[in-house]
Each structure stands twice: as C-alpha cells, then as structure tokens.
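Novice: The chain contents come next:
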Amino acid sequence: MADLLRRVAEQADPEAFRELFQTYGPRVKAYMMRQGADAATAEDLAQETLLSVWRRASLYVADRGSVATWIFAIARNVRIDRLRREVAWQELPEGRPEQPSGETLPDEVLSAKERQARVRTALSQLPPEQHQVVTLSYLDGLSHGEIAARLGLPLGTVKSRMRIAYQRIRAALEDLQ
Amino acid sequence: MTITHHLDDATLMSFAAGALPGALAAVAAAHASMCLRCRRELAMLETVGGALLADLPATPSAQFDPRRMVPAGAAQPHPFAAAGDREIPRPVAGLVSGGLDSVPWRWLGPGVWDHLLPHAGLGRLRLLRVARGRNIPEHGHGGMELTLVLRGSFHDDTGRYRRGDVAELDETMAHQPVADAGGDCICLVASEKPEHFSGLIARQWQRLRRI
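If you read the protein sequences in the order shown, they are chains A and B.
Residue 9 is where the first sequence starts when you use my numbering, and the numbers rise one by one after that.
Residue 592 is where the second sequence starts when you use my numbering, and the numbers rise one by one after that.
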C-alpha cells in the first residue's frame with residue numbers, strides 16, 4: 009500500500025490510485041455509514057476522503073504510520089468536519105516524524121506495517137466488553153458519555169474498560185523491550 | 592517546559608478516535624501541541640483506527656473517476672502544523688486574537704474572570720483567569736471538564752499544575768484548586784456541558800461573605 013501511495017505522490021499514477029481506491033473507498037464508505045451517514049452521503053464523504061488522499065499523497069510519510077492509519081485520520085477529520093460540522097482539532101500524521109530527544113521508544117523500532125499487524129492482533133484478543141467500547145468510540149464516534157448511555161453502564165466503567173484496552177494495545181507494541 | 596499532568600488514557604483514545612466532544616477536543620489538541628509524550632501516544636492510537644478501518648466490511652462504492660482527480664502533490668500540510676512557541680497553543684490561536692494580555696475579560700466574582708471562545712462544537716470552551724491565591728471555582732455541573740494551564744500555576748491535592756499541564760475532572764471528583772502566588776493563573780477550560788454562571792457567582796459571593 010505504501011508503494012502504491014508513493015507512485016501516486018511521485019508519478020501521479022492513476023492506476024496506483026485506482027488500486028488504493030478499490031481497497032479503501034468501500035471501507036471509508038462503510039465507516040461513514042457506521043457514523044450515521046446515509047448511503048449517498050457516505051459515498052460523497054468516501055469520495056472526498058479519497059480525493060484528499062490523492063491530493064495529499066506527497067505529505068504521507070511511511071515512518072509516521074501505515075497507509076490505513078493515515079487514511080483513517082483523514083476520514084476521521086472529514087467526518088468531524090462534514091457530518092458533525094465541527095472543527096477537526098486532530099492533526100493529521102504528516103510531515104517528518106519528530107526526532108526523539110535521546111531515547112527511541114520501543115514501538116518506534118517496529119515498522120509501520122508491523123505496528124499495524126500487532127495492533128490488529130491485540131484488538132482481536134481483547135475481551136468482548138473492551139473491544140466493544142473501542143469500536144463504539146472509533147467506528148461509531150460515540151463519546152464516553154454516549155457509550156455509557158448506549159450500554160447502560162456507569163461512565164467510570166466505560167473509561168476503565170477503555171484504559172485497560174489501551175494498556176493491552178500498548179503492551180503489544182512494547183514486548184520487544 | 593516539563594509537563595507532569597497528561598491527558599487520561601481514555602481521553603486520549605477518544606480524541607484519536609474523533610469521538611471527544613468539540614470543546615474537550617480543542618483542549619486536548621492544545622495540550623498535545625505542547626506535549627511530545629501525548630503526541631506519540633496519539634500516533635499509536637491512530638494505528639487502532641487504521642486497523643479497524645482496514646477490517647471493516649467493504650460497502651460497495653462508486654468507482655474511482657479519473658476526471659475528478661486534480662494533480663497530486665498540491666496539498667499544504669495541516670494548518671496546525673506550523674511550529675511556534677507562542678503562549679497560546681497553536682490549535683486554538685485563531686480563537687484568541689492579540690494574546691492573553693488583551694483578552695476582554697468578563698468579571699465573574701472577586702479574583703475570577705473568564706472569556707468565552709466561540710467554536711462550532713459541543714460543550715463550552717473558555718479562558719479562565721484566577722488571581723493569585725484565589726480558589727479556582729468549580730464550574731462544571733455534570734460531564735467532563737479539561738483545564739489546561741497557559742500561564743501561572745495552581746495546585747490541589749493531586750499536585751501542582753504548571754503551563755502545559757492538564758487537569759481532568761468528571762462529576763465524580765471533588766477538588767479545590769488554588770492559584771499559586773506569583774501571578775494570575777490563566778487556563779483554557781472545556782466543559783462537556785454548559786455551566787451555570789449565576790451559580791458560580793452566587794458561590795463566589797457566599798465565599799466572600801464568609802470572610
């Protein structure tokens with residue numbers, strides 16, 4: 009995927025972009041529908057997200073994360089901007105990675121692809137109640153309070169499930185220490 | 592600048608997911624712009640989004656249309672990416688023109704002022720200024736609240752909060768922060784739910800009358 013994106017960035021290669029589109033367009037559309045968009049709106053937002061991928065291809069830096077992660081961040085910001093009509097306060101992971109001041113953190117010795125694979129495995133191994141709060145947050149866009157209301161749980165329970173899930177994912181990236 | 596109070600893990604995750612209500616997200620972004628540790632954590636948490644996106648079942652989508660494509664490589668980096676060591680963190684710099692010394696403060700009570708920052712999103716975002724030695728009023732009425740120190744410092748029973756530190760409260764916590772001597776303390780404060788200023792002013796006067 010990173011190679012396809014490089015061909016888009018360096019050669020404006022439409023065939024490389026077509027492949028990227030075929031992989032991510034339908035997934036970004038599914039993401040937008042999970043967030044409450046109807047099919048036509050989700051299609052528009054998926055097109056807009058992928059158009060942004062095309063335009064921003066030269067800003068993608070493989071060291072900062074996988075292609076899927078970068079496209080997720082773009083889709084997330086498009087969704088906040090268009091569906092919620094709010095300011096997308098999150099920066100996109102673009103540009104040169106910041107130089108660590110001295111130490112290299114354990115997760116940075118892994119390639120973006122390897123990190124993605126480990127996170128995916130860690131996600132699949134989460135207990136269902138932790139996996140649920142993570143997906144309600146990432147895929148349904150629900151705040152802590154909204155998740156608590158949806159599941160009929162105290163706010164503190166939602167937050168603690170999320171913290172434990174986070175710690176497990178972090179641990180999956182740190183076991184090379 | 593040494594930051595010792597960071598965003599809570601659950602807050603970071605919600606922010607990376609794009610699920611934090613607008614005002615809270617503004618403060619989270621402001622803190623992250625000052626805090627390398629939290630920027631790193633956010634980068635890791637975005638990987639979770641990438642993994643979940645890649646595993647979503649594909650919903651049939653229109654084909655790529657080359658005619659819609661403009662030449663690649665014309666994009667500018669995100670506007671927040673411009674570096675700068677200003678007193679107002681760059682994500683919210685556009686909301687505060689002229690710097691912290693020219694904010695048109697609204698008097699809330701003895702030694703307490705605020706200034707609302709308009710933003711398109713859920714929750715209330717504002718600057719809060721508290722005179723040295725004064726209690727920082729409790730202003731949340733349910734919901735979560737994030738307080739980022741921009742100038743001066745305050746302390747409560749969880750420690751001392753200096754520039755860049757963020758305090759996170761929810762309705763289950765009671766606290767009594769006090770602005771430190773050495774100058775007014777100015778914070779960027781986001782509340783998930785609107786507060787009732789009349790109640791705040793009333794409590795300030797109650798406090799004054801007891802003195």
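Derived by calculation from the structure, the hints in this document are not laboratory data.
Incorrect hints may appear among the rest.
Stated by the list, open to error - Far from chain A by the CB rule (all over 10 angstroms, computed), these chain B residues: (1) Gly702; (2) Leu707; (3) His746; (4) Asp771.
To be verified - Short derived list, chain B residues pointing at chain A, Cβ under 8 angstroms: (5) Pro612; (6) Val639; (7) Ala653; (8) Ser693; (9) Pro695; (10) Trp698; (11) Thr749.
Each residue gets a CB set at the ideal place from its N, CA and C atoms; glycine is no exception.
Novice: All hints are to be evaluated individually against the structure, with a verdict given for each.
Specialist: To see whether the hints hold, each was checked on the structure:
1. Gly702: holds, 31 angstroms
2. Leu707: About 16 angstroms separates B/Leu707 from the closest Cβ of chain A, which puts it past 10 angstroms; holds.
3. His746: Non-interface label stands for B/His746: nearest chain A Cβ at 25 angstroms, farther than 10 angstroms.
4. Asp771: holds, 28 angstroms
5. Pro612: Nearest chain A Cβ about 5 angstroms off; hint holds.
6. Val639: holds, 6 angstroms
7. Ala653: Since chain A brings a Cβ to about 6 angstroms from B/Ala653, closer than 8 angstroms, the hint holds.
8. Ser693: B/Ser693 check fails; min Cβ-Cβ to chain A is 23 angstroms, beyond 8 angstroms.
9. Pro695: violated, 22 angstroms
10. Trp698: Given a least distance of 28 angstroms, the restraint on B/Trp698 is violated.
11. Thr749: Check failed: Cβ of B/Thr749 comes no nearer than 17 angstroms to chain A, outside 8 angstroms.
Checked against the numbered hints above, the structure breaks hints 8, 9, 10 and 11 and satisfies the rest.
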